[in-house]
Every structure is written in C-alpha cells, then in structure tokens.
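S.K.: The chain contents come next:
Number of protein chains: 2
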Amino acid sequence: MNEQESGSLGVVIPLEESKNKLASIKPLVDLTRADMERVNQLILSKAGSDVQMIPEVANHLISSGGKRLRPMLTLAAASLFDYRGDNHIKLATSVEFMHTATLLHDDVVDESDLRRGKSTARMIWGNQASVLVGDFLLGQAFRMMVDVGSLDALDVLSSAACVIAEGEVLQLSVAKNMETTEDDYLSVIRAKTAALFAAAAEVGPIVAEAGRSGRNALKSYGMNLGLAFQLVDDALDYGGKAADLGKNVGDDFREGKITLPVILAYRRGTEDERAFWRDAIEAGNSSDANLEKALGLITKYGTLADTIGRAIHYGTIARDALAPLPDTVWKSALMEVIDFCIERVN
Amino acid sequence: MNEQESGSLGVVIPLEESKNKLASIKPLVDLTRADMERVNQLILSKAGSDVQMIPEVANHLISSGGKRLRPMLTLAAASLFDYRGDNHIKLATSVEFMHTATLLHDDVVDESDLRRGKSTARMIWGNQASVLVGDFLLGQAFRMMVDVGSLDALDVLSSAACVIAEGEVLQLSVAKNMETTEDDYLSVIRAKTAALFAAAAEVGPIVAEAGRSGRNALKSYGMNLGLAFQLVDDALDYGGKAADLGKNVGDDFREGKITLPVILAYRRGTEDERAFWRDAIEAGNSSDANLEKALGLITKYGTLADTIGRAIHYGTIARDALAPLPDTVWKSALMEVIDFCIERVN
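Line order of the protein sequences matches chains L and P. Per this note's numbering: the first sequence = residues 1 to 346. Per this note's numbering: the second sequence = residues 1 to 346.
What the hints contain is simulated information worked out from the structure, not anything from laboratory work. Keep in mind the model is a prediction, meaning the values are calculated, not measured. We treat Cβ as the ideally placed atom computed from N, Cα and C, and that holds for glycine. One thing to keep in mind: the hints can contain errors.
[What the hints assert, rightly or not] Derived lysine to any residue pairs resembling SDA-like cross-links, with alpha carbons at most 25 angstroms apart:
1) P:LYS176 / L:LYS176
2) L:LYS257 / P:LYS257
3) P:LYS257 / L:TRP125
4) L:LYS257 / P:GLY126
5) P:LYS176 / L:LYS257
6) L:LYS176 / P:LYS257
[What the hints assert, rightly or not] With the Cβ distance kept under 7 angstroms, some of the chain P side facing chain L (calculated, not the full set):
7) LEU42
8) TYR83
9) VAL108
10) VAL109
11) SER112
12) ILE124
13) GLN128
14) PHE136
15) GLY139
16) ARG143
17) ASP155
18) SER158
19) ALA161
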C-alpha cells in the first residue's frame, strides 16, 4: 500500500477538551535537555568496550534516533520531586540500556529486518552479536544501578527485567493464535512495554527519596502511559505513515502478531471473515492482497479507532495518577506526553 | 570417530605428587548436599511462571544433569568462612541462573544441536524461547541478589555478567581466525568461563562478611579453577569420551572455534599444515576426513597434553590462592575439585 493510503487513516480522536494545537513532547525535551546530554555521554561511555564489536553494534542502535522517552521519564520523575543529585542520570541510562537490550533481543526473536527505517543490528552483525551485545548492555545497566546503591531502585528495575522477558515469552506463546482475547493481549503489552515505562517513572521518586504515595503515583502514570503508547503503536502498524516511523505498514500482520486491531476485527467478523484471519495469521498467508483485505476488515469494524479509544482510556488513568501532585512545569510536561503519545496516530 | 578411539587419548598428567586414587568432586558434593537441596528447590520455584513455556524451557536445561559446580562453589566458599545464614542459598541459585541463561544464549549463538547428550532448548522450542527464557532467568538472578541486599555481591555478580557477555562477543570476533594467539584465547576463556567461577567463589566470603584477603583468595581460586576447567573442556572436545560428556568430539572443530589445542598445532605446524588449518577452520571445510587429519596433527604436536599442562599451571595457582586459609574439610574439598577438573580428561 502506498503512503497516501496508509496515511489517510483519519481516526477522529475524542479528546476530552478540544485543543487548537497538537500535544508535544517538546516541553519534556526542553526541561530535560541538560540532563539528557549527560545521559547521552554516559550511554556512549558505558557502551564502550575494548571488544570493538560491542560499541559498533550498540552505537548503531543508540544513534538510530529513538526519542529516548524512557530515560526522559526517569529524569522528569526525579525532578518532579526536587531531586538535586546525580544518580538519576545513571538510572536513566540504565533504563535506556535495558530498553536497547530488549530491542536487540526482540529483533532476533521477531526476525526483523528494519527498525526505525534502518537495517537492524542482526542484519548487519548477525543474530549472535545482537544476543550478546544485548546481554552486555543489560549487564552494564545493572552495574550502573549497583553503583547508585539504591536497593529499592534495583528491586524495581530487576523486577521489570523479569516481567519484560516473561511478557515476551507470553507473546511468543499467543503468537498466531486467533483465539487470543483482549485480556491476553493486555497482559502481553503490560509486561513487555508498560512495565519498563512504570519502572522508569518509579525510580524517579525513589532516587529523590519521595514517599510511598509519590512512588505509586509515578508507577501508575508510567504503567498507563506505557499501555497507551503500545496500543497506539499497534494501531500505527495498520495505518501509520511507515516512512516517518521507520516501520513497514503490515509488519505485525506478516509476523502473525496478534494485536488489538486484529483481535477486535476477528471477534466482530462473520464466520467467513474469521476463517480469513485464521488463514492469514495462523497459517501465515500474509500476501499483500491479504494485507489489503485485512485493512479493509479493520476499517469495516472501526477497530483502529477503538484501539485508540482504549489508549485514551489508559491515558486518562495516567493523567489522574499525577493529578494530586503539585502543579509544576515538570508535571505539566509529563501530562502533555500522554496526549503526545496518543496523538502520534495523526 | 568411535568412542574407543576417542577414549584412548592417553594423556599422561604429570601430577605433582603421584596418587593412588583419582581426585573426586564427592567431598564437595557431600558437604554441600543439604544446602544444594535448598538451592534445587529455589531453582524450581524461581524458574516457575504463569507463562507455561518458561518453566518448560528452564527445567529442560536445569534437569539435564549438570554438576552444578558453580553454586556448590558459592556454598562452600561461604561455609569456609563459617557463614551461618541463608543468603548463600539465594546467591548460589543466582549464580546457577546466570550460568543457565548463558547456556541458553550460547546455544543460540553457537547454533548447537546437543548439550550434555540432550537436544538443546533451541532445537525444541526455537531460538526465540531460548533468548527470552535466558533473559527471564537473568532477571530472576538479579532479583534474588537484590533480595539478599548485599551491594558488594551485586557488584561482583553484575560485573561478571558484563565480562561474560564481553567475552562471548570477543570469542565471536576471533572465531575462524587462525592468527588468534594463546593470549587472545586466554582473554576469551577468562571472560566467558573463569569470571563466573571467580564471582561464584568470591560472593561466599562476601556474604560471610569475611575481609578483603578472604575475598581475594576465593576470587583467585575461582578464576584459576575456571581457566583450568575450560582448558580441559577444550582438550576434551578433541579427545574425550563424547558419550559420557554428552558432547560430540570435534564440535569445536566443526564450528570453527579456535581453542588452544588448535592454536598450538597451527603455530607448531609446517606451512602445508597451516594451510590445512586455514582451510578447515577459516573456510569451514570441516569434513570427517578433515577432523581425522586435525586429530592427527594435534597428536603429532602433542597439543592436548600441552593444553592439559596449561590447566595444571592454573590449577597450581588456584591451590596456592587457598593455601593460607585454615585447614578445614571445606578447604580440602575445594582443593580436590581442582584436581578433579583436570583429571576429567582420563
């Protein structure tokens, strides 16, 4: 499908209050700019190794232009509680390394060729290097956490590491199974995406030695923001501007990945349509013609709009999680990120 | 090659003192039996997950009959310093999980079909599950360390995790390169094997709150024991009893892995023989006929005996590392493990 078609998704987002301008990540980027420079330096330094292949592989992914949303969350969450030390820099870098390690392993697991419009590391250096450099970055992440010395932060982040891996395995075991329910799907994205957002946000108040209610607020914010983020990502796979995102429209379809737009279309479909989905996803008949037909069914049942609707639902929970905290520029920037994540779809 | 041939290696081990009986791991096994039962229970419990595939994959490897040498080292190293608490159980389990995670990832990286005589997890559940369950076990290992709450133990084990991954990448980058020196090879096995032995031993005195000299002694013991262990392992690949070990003789040869028996045979060979090694290892002509020829050259230049000789060298350093410590049954069991690791070759 060409970009014009895929870009003409035209989902109407029922924002609670109508706005003249789109939400932006810019306030968060501006507020964390100085700290993020230090994070970026630490990333480069900790991805270094005498073993030449390690910085090569790591920098390929690190320099590929991700937004670095997760470490920004950690920095902002610490600053939200007036943190003045240096440890949030190390924790933010740990979070980004955990994410990068996951991406390296994911590309091997998903057999992906492209990420953010560039060849994946596994296509250039092979699966072997991707697995091992991922392990190295995960090890470096833990070393930085240990260096910070907060057992609470270590607890939150090591638990997240387990949950993420568990979620990926769960995803593997529901893959290509059209009987997957929305609840199964939610369990997967809660574990594989939202858990790291939650941990990234929670270690902010931890390092700032805020109390339990602050930790819970940021954890809930991160968790629900992560759910919204992944829901939108999964919608974009069936309708976003592939070129902008460096993704191919229909990647999930071709991999037989079960995401909400497909789950809803399957459940709402006729018996014939369900047979089509089983043939396409379970039997792997994911030709371009079948992708066109899948997009038609997704449009017919309005499942992209409903997927975005679910994202808005979780975004609202994230918003209310932060609501009781004092109004500061940090809070307002974190609030705007919720809308930004959802409005990416346009 | 049949087992009789491969078993007739006949390397004479020049032990410093002649002995009537072979060294055994039995004293260590007997001394740690009660604690190892608790470790085994913890292994089963921490490899559990609601995601069914995780315990399946983990138990496949965990139940496959490894000796569990590394966790026994941790237990014995703690008991050597009169440790009376419970935390050594968790640390020993963490060490075994780190090892298991490494094996799962190694099998993917090496594309191995067999481990200890059984199909590898990746042959049964695929590379994907092997990568992800490895990640899960690594995460669980860190959670148990965090639970123990010793930042020193966390530091030692997280640093080991990095070094191990670094060593695996280094191994990848020297793979199939016949110009690899003995020093390059030593760097690889120091990182990929000996570092975890060293960490496993060092966390014993850490948890027992022994002083710096106790930590250093056990770290040095573990490091040198690990070097000896890997050297013997690499010798066995060209001459051990494959059936006993669950390995195929010549696996390393077929994978183009550069180990000391090959490095020495290459360096001591004629120009023609060096051309043969380059063809076999670098160009991948690892037919059975070429394996026979390789074994002939290894015999011609006595490189298995010399590889074992290097193992004895490191074994002696391990022995001297422990020497100043009080004579106890624990020390004597740890000493005997050194000889056991080396004498496996017969």
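S.K.: Now look at each hint and say whether the structure bears it out.
M.R.: Do the hints match the structure? See the list:
1. With a C-alpha separation of about 38 angstroms, the suggested pairing of LYS176 (chain P) with LYS176 (chain L) is violated against the 25 angstroms cut-off.
2. For the hint linking LYS257 (chain L) to LYS257 (chain P), the alpha-carbon distance of about 36 angstroms lies beyond 25 angstroms, and the restraint is violated.
3. In summary, the hint linking LYS257 (chain P) to TRP125 (chain L) is supported, as the alpha carbons are separated by about 18 angstroms, within the 25 angstroms threshold.
4. Taking the CA atoms of LYS257 (chain L) and GLY126 (chain P), the gap is near 17 angstroms; set against the 25 angstroms cutoff, the hint holds.
5. Among the hinted pairs, LYS176 (chain P) with LYS257 (chain L) is inconsistent with the structure: their alpha-carbon atoms are about 37 angstroms apart, more than 25 angstroms.
6. With a C-alpha separation of about 37 angstroms, the suggested pairing of LYS176 (chain L) with LYS257 (chain P) is violated against the 25 angstroms cut-off.
7. Nearest Cβ of chain L to the Cβ of LEU42 (chain P): about 15 angstroms, over the 7 angstroms cut. The hint is violated.
8. Checking TYR83 (chain P) against chain L by beta carbon gives a least distance of about 20 angstroms; that is not within 7 angstroms, so the hint is violated.
9. The criterion of a C-beta within 7 angstroms of any C-beta in chain L is met by VAL108 (chain P), whose closest approach is roughly 6 angstroms, and the hint holds.
10. Proximity of VAL109 (chain P) to chain L holds as hinted, the smallest CB-CB distance being about 4 angstroms (cut-off 7 angstroms).
11. The interface hint given for SER112 (chain P) is violated, since its Cβ lies 12 angstroms from the closest Cβ of chain L, which is over the 7 angstroms cut-off.
12. About 14 angstroms separates the beta-carbon of ILE124 (chain P) from the nearest beta-carbon of chain L, more than 7 angstroms, and the hint is not met.
13. Evaluation of the GLN128 (chain P) hint against chain L yields a held restraint, the C-beta minimum of about 4 angstroms falling below 7 angstroms.
14. For PHE136 (chain P), the shortest C-beta to C-beta distance to chain L is roughly 4 angstroms, which falls under 7 angstroms, so the interface hint holds.
15. With 7 angstroms as the threshold, the beta carbon of GLY139 (chain P) comes within range of chain L, its nearest partner Cβ sitting at about 3 angstroms, so the hint holds.
16. Evaluation of the ARG143 (chain P) hint against chain L yields a held restraint, the C-beta minimum of about 5 angstroms falling below 7 angstroms.
17. Checking ASP155 (chain P) against chain L: minimum C-beta separation of about 5 angstroms stays under 7 angstroms; hint holds.
18. Interface hint at SER158 (chain P): satisfied, since its Cβ lies 4 angstroms from the closest Cβ of chain L, which is below the 7 angstroms cut-off.
19. About 4 angstroms separates the beta-carbon of ALA161 (chain P) from the nearest beta-carbon of chain L, less than 7 angstroms, and the hint is met.
Taken one by one, the earlier hints fail for this structure at numbers 1, 2, 5, 6, 7, 8, 11 and 12, listed in ascending order.
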